[in-house]
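So the sequences go chain by chain: A and B. Residue numbers 1 to 310, in this note's numbering, belong to the letters of the first sequence in order. Residue numbers 1 to 304, in this note's numbering, belong to the letters of the second sequence in order.
Calculated directly from the structure, the hints in this document are not laboratory data. None of the values given here were measured: they were computed from a predicted structure. Just so it is clear, CB atoms sit at the ideal spot from N, CA and C, and this is done for glycine as well. Errors might be hidden in some of the hints.
What the hints assert, rightly or not - To give an idea of the chain A side of the interface with chain B (calculated C-beta under 7 Å), a few residues: (1) Lys17; (2) Thr161; (3) Phe175; (4) Arg303.
Single-letter residue listing:
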Amino acid sequence: MVPPATFASYYGRPIVKTAPWERDIPAYLFLGGMAAGSSLLAAGADLRNLPELRRVARIGAFVGGAAGTAALIHDLGRPMRFLNMLRTAKPTSPMSVGTWVLAAYGPLASAAATAEIAAMMPRRLPIAGRVLALSARPAGVLAAALAPALAAYTGVLLSDTATPAWHAARRELPFVFAGSAAASAGGLAMVGTCLEQAAPARRMAVGGAVVALVMEARMERSMGLSAETLHAGTAKRLMNASRALTAGGAIGAAVFGVRNRRAAQVSGVALLAGSVCARFAIFEAGQQSARDPRYTVVPQRDRLQRAANA
Amino acid sequence: MSRWTRTADPAADAGWKNAPPRKGFFTDSSICIGCKACEVACKEWNGIPEDGLEMLGMSYDNTGSLGASTWRHVAFIEQPRRAVAASGLTPLPVVAARPGENRSFDGAETGIRWLMSSDVCKHCTNAACLDVCPTGSLMRTEFGTVVVQDDICNGCGYCIPACPFGVIDRRQGPPGTRNVGIAQKCTLCYDRLGDGMTPACAQACPTQSIQYGDLDELRVRAQHRVDALHAAGVADAQLYGADPNDGIGGAGAFFLLLDEPEVYGLPPDPVVTTRDLPAMWRTAAIAGATLLAGAAVAFVRARS
């Protein structure tokens, strides 16, 4: 159906409110995704005896998880009350679900990374070192078991709102974010790992990039009117940059990254940047769709019209 | 707690035993005179801080919209009479507040039709803000209303984009401002209700445009009012939020409007976003499983 050319509004003011979230939240979407993908790589590398890949991925998972958590707390209106997140558990709140996943994931990823760092120290810790070494594998595998939830729930976090573009993207957004998580984690591991051990990271990066690109294109088709917000302004520039960086990084990883360490690193950085741009693009598109009442009124009017016609 | 099935009795559903009848507002915009007594009474009773004094260029509305420090908001819409006539809308409220004052505001003198309506939190039967709140700060009261518990909210802000009406917001202001950084909205004067009193806005309303009472009774009263207006020739009078089968399960605070909802800044067909949440969780589960499978495939044949 062609949307009406004009629509009524109250002095052009927004109907729904924009999320009061700053850059912390899209940054967290990236960091949490990168952490999740890294934990999967780390567990695979651990089980397949690829120590260099394992080390890079475990440390990447820890840094991403810790920085992401810090960003989440920083974004709160009352950061000192962040523990109130844990006073209840609600499946109707994706943020509650995500908090519990992150609360379980964080210590596990930290334990695995701490073991890695302890092993790099010139002096071994006598008892703590052994405990860490023994706990690293179970902790890392459990972190990897939680990682898919950590990577995908953020799609629901954004979609479960009245923000027109985010809610309209609900069928594809978890796939876009999960793919982006894999691409960024693969990219990070390609930057820090020798070519011989990086093959799984390259495969994960390419696979994630393909899923992210394909599902993002599909998302724009199913979003309806609010897809416009990805085709204008800051969101458009970011999404174009994301596409170019993700596609370029994936091609680079697959074609040149197999034999050339420098090419692998450049591709890895491109994939990381592509994931950052995708998260910020989708975040910004949603905020823009909330600022303009057109994206609230016109689809709802269409829906009423369809119901009346049926 | 979690609620996947939709309900007609939100207080009982939230676990209240022997809950009193559900309370609500019926805001009849056809007799609103735009005095803003509701805005003032609300601010005074609830101790809400000043949140900006600006000229907005929107008729007599310098309040703008509902927000953390605006829990009642009177909208003013000046519609040019010619445009009203061309659109086929009824050019007026014909019915005045008191008998004998049946003066027409149809714009014969001013050339406009002037719509006014006092907006407020809808206290939805299926409230998205409450569903998505991760701390449990937003809760359902025994009166079936939705309130923020100030001492629990940590200002995550999730309720704000979740609300299909753009009602709730996070309070901003200099440090020391009461409840700064946390989500705030109309409580339907929870403190007054507990004492058997009428909410401040309804108490202050001089025309009974804002009526407070048992929701069941208000719905009947509103239907009589809209029927009377239709009989009087006000064909575009419509109830908004009164239908328990709408996308939010019906509002606890509903309205009689004289034009389409979006003219007043209200969404024409609001739907609680969590209605789609089970499907969204399924999508995320498939996406997560895909990621796990992809990671496993990436390690096939990989060994140092």
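Here is how each hint holds up against the structure:
no., hint, in the structure
1, Lys17, "holds (4 Å)"
2, Thr161, "holds (4 Å)"
3, Phe175, "holds (5 Å)"
4, Arg303, "holds (5 Å)"
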